[in-house]
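Q: Protein chains in written order, with this note's numbering: chain A, 1 to 284; chain B, 1001 to 1294.
Since the hints were derived computationally from the structure, they do not count as laboratory data.
Hints should not be assumed to be uniformly reliable.
[Stated by the list, open to error] Straight line, CA to CA, 25 Å or less: simulated DSS-like cross-link-like pairs of lysine-lysine:
hint, chain 1, residue 1, chain 2, residue 2
1, A, 140, B, 1040
2, B, 1102, A, 13
3, A, 72, A, 84
4, B, 1167, B, 1102
5, A, 47, A, 84
6, A, 13, B, 1098
[Unchecked claim] The following residues of chain B were derived to be distant from chain A, with all beta-carbon distances above 12 Å:
hint, residue
7, 1036
8, 1050
9, 1060
10, 1063
11, 1066
12, 1109
13, 1142
14, 1185
15, 1191
Glycine residues also receive a C-beta, built at the ideal position from the N, C-alpha and C atoms.
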Amino acid sequence: MATKSLEAKMLGKNVGRLFLQVFLILVGLLYFAPFLWMFSTSLRLAKDSFSLPPALFPTAFEIGNYFEVFNKVPFFSFFLNSFKVAVVVALGNVIFSSMAAYSFARIRFPGRNILFLVLLSGLMITNQVTAIPQFILMAKLHMIDNTWTLVLLWLVNPLGIFLIRQQMMAISDSYEEAALMDGANRWWIYSRIMVPMSVPAISVSTVLWFVANWNDFFRPLLFINTWENMTLPLGMTALTGAVGSGNYSAVLAGVMLSLLPCVVIYIFGQRYLLEGLSTGGLKQ
Amino acid sequence: MNKKFSDAIAGYLFILPVLLLFIVLTLGPLVGTLLLSFSKFSLLSSSRWVGLSNFFNLFSDARMGVIYGNTLFFVFILVPLHVIVGLVLAVSVEGLTKGSAKYLFRTTFFFPVLATTASVAIAWGMMFDTSFGLINWFIGLIGAKAIPWLNSPVWVYVAVAIFSLWKFIGNSFIYFLVGLQSIPVELYEAAMLDGASPRQRFFRITLPMLSPTMFFVVVNLIIGAAQIFDEPYFLTAGGPGDSSRTVGLYIYETAFQYHNYSYGSAVALSLFLVILLVTLLQFKLQKKWVFYGN
Chain A
1 MATKSLEAKM LGKNVGRLFL QVFLILVGLL YFAPFLWMFS TSLRLAKDSF SLPPALFPTA
61 FEIGNYFEVF NKVPFFSFFL NSFKVAVVVA LGNVIFSSMA AYSFARIRFP GRNILFLVLL
121 SGLMITNQVT AIPQFILMAK LHMIDNTWTL VLLWLVNPLG IFLIRQQMMA ISDSYEEAAL
181 MDGANRWWIY SRIMVPMSVP AISVSTVLWF VANWNDFFRP LLFINTWENM TLPLGMTALT
241 GAVGSGNYSA VLAGVMLSLL PCVVIYIFGQ RYLLEGLSTG GLKQ
Chain B
1001 MNKKFSDAIA GYLFILPVLL LFIVLTLGPL VGTLLLSFSK FSLLSSSRWV GLSNFFNLFS
1061 DARMGVIYGN TLFFVFILVP LHVIVGLVLA VSVEGLTKGS AKYLFRTTFF FPVLATTASV
1121 AIAWGMMFDT SFGLINWFIG LIGAKAIPWL NSPVWVYVAV AIFSLWKFIG NSFIYFLVGL
1181 QSIPVELYEA AMLDGASPRQ RFFRITLPML SPTMFFVVVN LIIGAAQIFD EPYFLTAGGP
1241 GDSSRTVGLY IYETAFQYHN YSYGSAVALS LFLVILLVTL LQFKLQKKWV FYGN
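Hey, can you work out the whole structure from these sequences and the hints?
A: Below is the structure:
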C-alpha cells in the first residue's frame, strides 16, 4: 500500500514536471520565433521580403541586404555614437552614483534623508515631463544635434543610487572604523573599501542603465537631427526611411545587426545582473 | 575642525555632482514645465504670461479625454499582464531542476529586453501586417480570418499588448526570479513537514515573501505604462484615428511637431501630477499588503 501511494506521488510529480517543461518549451518557442523570422527574412531577395509563406528558416541567402544597410545610411557611425553615449553614461553611473550612494549610506550630514528622497522622486519625473524645458535649454546653449547632450541628460540614475546605497548600508561598520583609526580619509574609504565591496550592486545598476540608454529612442528623437549624430535606435528610422518599402529585407538586416551588441551585453552582463539584484536586494 | 563639520562637508561633496546635475537637468526643467504651462512661449518671438488659459484649453480639449482614456487603458491591461505572465514564467523556470535548462529559458525570456526597442518594434510592425504578416499567416493556417492588428481600434490594443509582453516581460520576470531565489528554503521544508499542499505553499509562503518585489515591480510598471511612447509610435502612430494615441505621444506631437511648447507643457504637467498621485497612493496602500518580514 505504502509503496503504491509513493509511486503514485512520484508519477504525479513526473507528470507535473513534464507539463512544466512542455509549457516552457512552447512559450520559449513563441519568444524565439520572431528572431528566427527576422533573420531568415533578412536574407531574402528584396522582391521576396513579404512573399508567402513567411520564412521561419532561411530560404535564400541574399547577403547583399547587409551591405545595403551600410550603403544607404551611415550605419557604422550610428553604432559608434550609440557606443560612445552608452559607455560614457555607464562610466558616469559607476562614478557619480556610487559616490552619492556612499554619502547617503555612510556619512551623517544635515538634510541627508530629505535630499535622498528628493533624488529618488526623480523616478517619477519622467522624460516627457522634463523634455520641453530641456529642449529649450539645449537650444539656447546651441547643444541640439550633439551626442554629448544625450550623455549629459543620462548622468543621474536615481535607481542606481538606491541599489548601491542598499548594498553599502549592509557593509559592516568595522572596516570603516579600522580605516578611520589608521587615519584614512573619506575618499580612501570610498574608493578602497566601499566600491570594491559593492561591485554586485554597481554592476547591476550599470548594466540596467546601459541597456535603458542603449534603447532610448525618445531623447535622440528630440535632440538629434542629422545622420552623423544619430544613435542606433533613431538610425533605425533613418534606415527605414532610406530603404523602406523598397527592400524590407534590408531593414531587417539592419535589425539583426543592431541586435549583435545586445547579445554581447547579455553574455557579459547577465551574471552580474542576477548576482547584483539578489545581493543588492529590493527590500525597503 | 570638528568631526561633525568635516563629515557634513564630505557628505555634501560626495553628492555634489549628482545633486548639481539633478537640479539643472531634472528639477529645473520640472519647474520650467510648470512655468511654461502658464505662458505662451515661443523660441523665436517674444513670450508672455497667459495665466490658466492652457489649462482651460486642456479641460475643453475633446481629444484629451480620449487620450487619457487610452493611456489609462494601456496601464490597466499592461500592468496585470506583466505581473501575471512574469510571475508564471519566473515560478516555472525556478521549478526546473537542471541548471542548463534554467539558463536557456532565462536567456530566452530576458533577451528581448536588451534588444534595441526601435529595431524589434519595426520588425513587429511587419509581422503584424494584415495581408503579408507572419502572425496572420499562422492564423490563416488554422483557418481563421486575417486580423486587422494595426488597423482596428480594438485590435491595436491586443497588438501592443503582445509586443509589450514579448519585448519587456524579461523585466518583471528577472525581478520575480531573483525574489524567488531569495526566499529561504527552510520555509518550504517546514511547510512540507506540516503537510502543506503546493497551492498553500504558493499562497502562504511564495506570494507574501515576494510582496516587496511585487510592490517594486508594480510601481515601476505603472510609471512605465503611464508614459508609454515607443510602442504606439512605432506600431500604430497613435491610430487608427486617435484610438491608440497616448499622453506621451500627444505631448511629443504638440510640443515638437506643432511647436506648441506651452500647451505641451500643460499636458506634461498633468501627466506628472497623475503619476505622482498614483505613486503616493501606492506607497500609502503598501502597508496593507506588502510583507517586509522580521
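Q: Please go over all the hints and tell whether each is borne out by the structure.
A: Okay, the hints, checked on the actual structure:
no., hint, result
1, A:140 with B:1040, "holds, 17 Å"
2, B:1102 with A:13, "holds, 19 Å"
3, A:72 with A:84, "holds, 22 Å"
4, B:1167 with B:1102, "holds, 20 Å"
5, A:47 with A:84, "violated, 36 Å"
6, A:13 with B:1098, "holds, 16 Å"
7, 1036, "violated, 6 Å"
8, 1050, "holds, 16 Å"
9, 1060, "holds, 21 Å"
10, 1063, "holds, 17 Å"
11, 1066, "holds, 18 Å"
12, 1109, "violated, 6 Å"
13, 1142, "holds, 14 Å"
14, 1185, "holds, 14 Å"
15, 1191, "holds, 17 Å"
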